[in-house]
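Chains as they are written, first to last, in the numbering used here: chain A, 1 to 148; chain B, 1 to 148.
Just so you know, the hints here were simulated from the structure itself, not pulled from any lab data. Just so we're clear, the structure is a prediction, and the values are computed from it rather than from any experiment. We treat Cβ as the ideally placed atom computed from N, Cα and C, and that holds for glycine. Check before you lean on any hint, since a few could be wrong.
[As the list claims (entries may be wrong)] Distance ranges between label pairs, derived from CB positions:
#, chain 1, residue 1, chain 2, residue 2, range
1, A, 103, B, 86, 48 to 54 Å
2, B, 48, A, 80, 17 to 23 Å
3, A, 65, B, 106, 30 to 36 Å
4, B, 24, A, 120, 32 to 38 Å
5, B, 145, A, 12, 35 to 41 Å
6, A, 136, B, 108, 29 to 35 Å
7, A, 64, B, 20, 21 to 27 Å
8, B, 20, A, 140, 40 to 46 Å
9, A, 30, B, 70, 43 to 49 Å
10, A, 33, B, 109, 43 to 49 Å
[To be verified] Going by beta-carbon spacing under 10 Å, a handful of chain A positions derived as facing chain B:
#, residue
11, 45
12, 48
13, 78
14, 146
15, 147
[Stated by the list, open to error] Which bits of chain A does chain B cover? Going by a derived footprint, with three or more residues having C-beta under 8 Å, they are:
#, stretch
16, 55 to 62
17, 95 to 101
18, 107 to 116
19, 139 to 145
Number of protein chains: 2
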Amino acid sequence: MSREDTASRPPEAHIRQRIADWATAISAKNIDGVVSLYARDIVSFDLTPPLRYAGAEGKRRAWQAVFAALSGPIAYEVRDLSVTTNEGLAFVYSLNHITITVPTGQVDRWVRWTACFRQIDGDWLVVHDHVSVPADPVLGKALLNLTP
Amino acid sequence: MSREDTASRPPEAHIRQRIADWATAISAKNIDGVVSLYARDIVSFDLTPPLRYAGAEGKRRAWQAVFAALSGPIAYEVRDLSVTTNEGLAFVYSLNHITITVPTGQVDRWVRWTACFRQIDGDWLVVHDHVSVPADPVLGKALLNLTP
Chain A
1 MSREDTASRP PEAHIRQRIA DWATAISAKN IDGVVSLYAR DIVSFDLTPP LRYAGAEGKR
61 RAWQAVFAAL SGPIAYEVRD LSVTTNEGLA FVYSLNHITI TVPTGQVDRW VRWTACFRQI
121 DGDWLVVHDH VSVPADPVLG KALLNLTP
Chain B
1 MSREDTASRP PEAHIRQRIA DWATAISAKN IDGVVSLYAR DIVSFDLTPP LRYAGAEGKR
61 RAWQAVFAAL SGPIAYEVRD LSVTTNEGLA FVYSLNHITI TVPTGQVDRW VRWTACFRQI
121 DGDWLVVHDH VSVPADPVLG KALLNLTP
């Protein structure tokens, strides 16, 4: 669906469609499709370091690194998506399930995803995102195998 | 400052005051003050497991566990707070610095914090929060020593 088609829809439907398209783009390793969700000046708290970075070009590099590291197919699912919106502002959160195929089989991970949107020139774009897994601060471990 | 005093202020000023009061409550180990920021049905993606939990009582238990584990003084600082708001909805994010005193000296940690607010009965409350440190997914490590 083109941006013209979705721009006139109610905000929540528009945002849900944008996110569905984004997940499809991730599974297709379509970097331009993935990056089209992000505002130019997005501030990201991403799964991997650093603590914080800014700019859609930073998101592009992060996703390019993911796609380069994962040579096999990727399946990306947005689960239990909550969307809260009013005029010009929205926030969403979900548990996102990534399944990758490696030579020895399949590996899957659940990450927590929060994204904050602004309506910019009629389109809804992510101005802040936060992606993580829980930590065990005492043992210094990232808990990568938790499931909903 | 009482809720009556702050309720008539512009949303951003009101929210910044609420967050300043919350950080003060954390440093004071004032559990009721800490929990007063959260909506009853908050959905939390917290620093520690599980992936997701719901309800202000869950936040209360999580903070009680933090306070029980840290017998010495706590200093909690909200750094580089960004606040975006319009009528009835807001999102904020910051890097939060916690410094704890242990028998051998001081330990400090930086965490990323995103909080999504709704105005409920005139007050601004957090309906979703997300707290994390970055991970190294290959080594399974939580990266606890990163600094801004």
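*asked:* Assuming the hint says 17 to 23 Å, is it satisfied by the Cβ distance from residue 48(B) to residue 80(A) or not?
replied: Holds, at about 20 Å.
*Just tell me: holds or violated, for the beta carbon distance of residue 30(A) and residue 70(B) against 43 to 49 Å?*
holds, 46 Å
_residue 48(A) as chain B interface residue, shortest Cβ-Cβ below 10 Å_ = holds, 6 Å
*Tell me if chain B covers the stretch 55 to 62 of chain A under the three-residue, 8 Å CB rule, please?*
violated (count 0)
*Do residue 24(B) and residue 120(A) keep their Cβ atoms within the hinted range of 32 to 38 Å?*
Since residue 24(B) and residue 120(A) have Cβ atoms about 35 Å apart, the given range 32 to 38 Å holds.
*Are there three or more residues in the stretch 95 to 101 of chain A whose C-beta lies within less than 8 Å of some C-beta in chain B?*
Not satisfied, violated; 1 residues make the cut.
*Against chain B, is residue 78(A) within 10 Å by beta-carbon distance?*
violated, 14 Å
*For residue 145(B) and residue 12(A), compare the CB-CB distance with the range 35 to 41 Å and indicate the outcome.*
Cβ of residue 145(B) to Cβ of residue 12(A): about 40 Å, so the range 35 to 41 Å holds.
*For residue 64(A) and residue 20(B), compare the CB-CB distance with the range 21 to 27 Å and indicate the outcome.*
violated, 39 Å
*Could you check the hint for me, namely that residue 103(A) and residue 86(B) are 48 to 54 Å apart, CB to CB?*
Holds - the Cβ-Cβ distance for residue 103(A) and residue 86(B), about 50 Å, lies within 48 to 54 Å.
_Against the range 43 to 49 Å, how does the distance between the Cβ atoms of residue 33(A) and residue 109(B) compare: consistent or not?_
Because 36 Å falls outside the window, the suggested range is violated.
*State, for the Cβ atoms of residue 136(A) and residue 108(B), whether the hinted interval 29 to 35 Å holds or is violated.*
violated, 18 Å
The structure fails hints 6, 7, 8, 10, 13, 16, 17 (numbered hints given earlier, in ascending order).
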